[in-house]
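If you read the sequences in order, they're chains A and B.
With the numbering used here applied, the first sequence corresponds to residues 427 to 1111, in that order.
With the numbering used here applied, the second sequence corresponds to residues 45 to 562, in that order.
Just so you know, not all the hints are guaranteed correct.
[Stated by the list, open to error] Facing chain A, a subset of chain B residues (Cβ under 8 angstroms, in silico): (1) Gly-124; (2) Leu-392; (3) Pro-478.
Simulated from the structure, these hints should not be mistaken for laboratory data.
In this text the structure is predicted, and so the values were computed from the model without any measurement.
All C-beta atoms, glycine included, are put in the ideal place defined by N, C-alpha and C.
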Amino acid sequence: MSWIVHNLWLVAALPFAAGGVISVMKQRQRTLAAGLAVGSMALSFVLALMAFVQVLTSHGEATRQFSNFAWFQFGAEWVRLGWLLDPLTAVMLVMVTFVGLLIFIYSIGYMAEDENFKRFFCFLALFAGAMLGVLIANNLLLLFMCWEIVGLTSYLLIGFWYEKPSAAAAAKKAFIVTRIGDLGLFLGMAWLYAQTGTLLFYDAGRGCLEANALTTLAMHTTVFGLTLSSAIGILIFCGSAGKSGQVPLHVWLPDAMEGPTPVSALIHAATMVAAGVFLLARVYPLLSAGVTHGMTTTVALQVVTWVGAITALFGALVAVAQWDIKRILAYSTMSQLGYMMIGLGTGGVSVGMFHLITHAFFKALLFLGAGSVIHGCHGEQDIRFMGGLRKAMPVTFAAYSCGMLALCGVPLFSGFWSKDEILHSAFVWNLSRGPFYIGAIGALLTAFYMTRQMIYVYAGTTRLAAESTHGEHGHSGAHESPKVMTVPLLILAVPAVVLGFFGTPVWPWFQSFLEGDTANVSFGALGGAFPLMIVSSLIVFVGLGLGWLLYGRKLIVDVGALDRIESAQPGLFHLLSGAFYINELYAATVVRFTLVAASVSAWLDRWIFGGVVRAISTIFVLFAKVDSFADTHVVNRGFDAGCGSVSYGGSFLSKLQAGKVQRYLKFVGVALFVAVALLFWGGKA
Amino acid sequence: MNAFPWLSLLTALPVVGAGVVLVAGARSDRAARFLSVGFAVGALCIALLLWHGFDVNVGGMQLVEQHAWVPALHIQYHLGIDGLGLSMLLLSAIVTLISLGASWKIEDRVPLYFALILLVEACLFGAFTALNFIHWFTFWELCLIPAFFLIKIWGGPRRTPAATQFLVYTMAGSVAMLLSFLAMYLAANTFEFEELATIAQSGRLLPSLAASSSWMHLTPEHLGLVIFAGVFLGFAVKVPVIPFHTWLPDTYAEAPTGTTILLTGAMSKMGLYGFLRILVPIFAPQMQSVLTPLLWMAVATVVLGSLSAMAQTDLKRIFAYSSINHLGYCLLGIFAAVRYAGSDAQLLTQRAAALSGTMLQMFNHGITAATIFWFVAILETRSGGARELSDFGGLRRNAPVLAGMMGIALFSSLGLPGLNGFISEFLIFKGAFPLATWATALCTIGLLITAVFILNVIQRVFSGPLQERHSNFLDLSGKEQMLLAPAIALMFLLGLDPQILLSHLNATVLQLTNTIKF
């Protein structure tokens, strides 16, 4: 086993350690904090590259290596954890450390004026450590643990500006909504553990993702006629859906934009939200277990595909009617994650993962570009107040355009190849063409809303001077961001353009790499894919053209002007800008139900459980009263002396206990006497 | 057999301590405080020594001390610890220190207060080491007395009814338990836990019960159930199991926070300890025959406990209900473990997971809940007694270290991986899921609602704009940070390396899983 496999944990441990050290540093040690975070990330990047080379240079079985160790015991068993290096891990490691490193550097500029600069880098480093932990875990339990810590850091970073009530609320919402999904994952994990006796993914034939375990899981059926593997797979998918913002657990993702923009880029676009897709890629053998002759897919994969399709369309529709530059991108991210799910469900790991990787680069680029725009516009996030930034921020504009073209899927840009592959596998999916049509409509909408955004932000002249609800105005217009921010943008722009060439139908290097093969160049493959490429290109150009027709032909000048769709179809526009009112729906149903349940529970406590106790005590007090009445008026005379001493004792006790306790003691005493008497009397009978 | 009487020494030390504090502390409150901490540290050192010398491969009792006490009634002075007892001793010692730390600002009748805390500690030690019913029951009941006075004298405005309800309610449960044990004594002629367990496991208990007290012409099975119900009631009130819990919120809220720490951190574990030490070995068949209602009670404890916590606005009441919820998972683990008879390997594995998780959860909850109440005490002192959620807001601006450290404790309670609560909850769910699937699935609601109310506390206390009246709110001082750091460190330690504790529990778990036979 090579050095890097054995020490793969360092990749995650370094940022964790950096985060730990930063957490106990002084508030003013800003440079040191940033230096530690960036330094640990750079080292992790180097290690990730080493891991990548290791996988690249190995063949066949050797592309998957793991290192397991015992953690704790219960009864006769040990829980074992481990880390795993395979092509999937290697690719993700390089992507996360590279994008992470750039975003860390960018943050130095973006957060320069924030008083909690140090805390920001502490949380970022912790996030990176946890995220890398998810990638290298060879055990679902370890993965879940890192997964939850990722959720924690996401919570901390969304609520970073804790004094803003909206940020604090958004953070809480994100944590709780993702936790709903995570409970499914938690149960799935418990179930998988019970069935296979291990949570290690790979363990020399005994792991839960290896043939032995999978055969058993695929053979048995459980509730609703599902195979065990599908049932567990669907539960695991609940976790993915929560993290990756899939309908119906998507409501937290747009609100998460309350966090600082580098956070949105790193966590809520490039890495954490993609972790859901990664998890499915990791357990893909489980999801697809039982695919036998004649049966091309499993229920779990169908669920993944359809949920992905709905999300892809939903996100794209809602993005059309947003005003906040980051919210447009957030809904876009949601929609693209839906595409990844479609790809994974219909085409397998390589299809979904390819889009994950290309998307990570161009979406990080777009978010960082948006951050640069917000920075340049003094905190303004509403695209109605922007405009004309092409001249004011030329570098940002250039980089942003690359990202935008890649996202739209304009031919030759990276997003084109990965999205095309998804559409292709959806097209040949033999269960339904539905996901393909939905994907195609989504692609059109993507090109449309990005055109709208580009025109609002960069075209025409600035509208920044106008009155706005937020952002500190009074500055003299927009300005370009400092080098520490623009250089990462330019670096990210390169993969956003060229990365797609690693996974073209002609030379599917990426796909072969993930499957442990070597790729061959074959121009013949292009023939099969070509017609669909033409179609998807056409779709993109129609979207771009529609966007230009509506917004580009006649530029918006007035800040208060209605959106072109709003003036034509106000009802539709409001439905979309309100995100189909899902938030309101949840508030009226799930949230209200929980609140009512809490009140009912408190009421039960007070009036039923507590009421019974009070009723019993009242009954005994009544007995005591009757008893004392009988004492005074019936047997009083004969027992004067005795009663005197009892009442003396009673009054002594009552002084001590201020009134109530003697009644209870009496009840206990009487009960004890009666019960003992009954027992003995019964015993003799 | 009778080596150096470490366990007797451990129990005696706080009693001596209480006397010394009362006498020597009469002159200066400061001396009383430091003396009591000294004795508590001494007890902790002994507990750690026991921990160190404990043989982890032995499942049965160690350090046994056995002497005849009242020979005519077969009452013995019988002490011993296994892994469970040991972990509870350590927990009691730690929680007592936390309680003393959180009580530092008590100003009224200081020596008495600190002496009573030490007395509670002594009773805890006594109850966690005793192996004879009468011996154990003495400490079990004695424990109530110092606790009663702690609530009655130093409690909040509604302390009198709360103290009375606490005393009478737990005592009613104890009376039921006492009767059951008397009946068993009549049948088996012994008060020894281990002997009773052996007799019960060999199936001889029910026939002799029927022969000795054929009460109301019940069949032996029904008689067994009645006897079981009595013992169950005693423990159910103490844990507490919903619906026998109504004393708890009032008591926890009205007790001085230092006492609440003892109540939730250590005394609530006496009930669960009883489940594991007495109910499971002796009454497993009875538990199994009424398992469905028991599982429903566990679900109710988890779900209603968390929902009620969500409905509260007073910090102490929130965490009082949160305690109910967290101990509900232990009930789930215990009940699931007795669901099926048999001893095939897979069943034993699931059972071992559930019981390991339960014992670990008892320890973890003790540490976490005690620490959280300590933070509540800190918030209370600094804000002039405020405990309502609406009294706070934005404290993070002034007190970032407090926010961070309390945040860690709160997330530990929430079950965040990496901190102690997660492993125990995971083990319980892992073991209980295949044994009691639907009950376990329902209990995940509790995990969710816990997240809701804990994040709500964080949001309401630490986030948002800083309230005017807290503009002078102080962050934790260096000394306070030093004092709290060990508790926080323990959360990380047990979260990252639970084997430290599990290694000492495992032999006991194995033995217990094998005693569940029908």
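Practice task
Run the structure past the numbered hints and jot down the numbers of the failing ones, going up.
Solution key: 1
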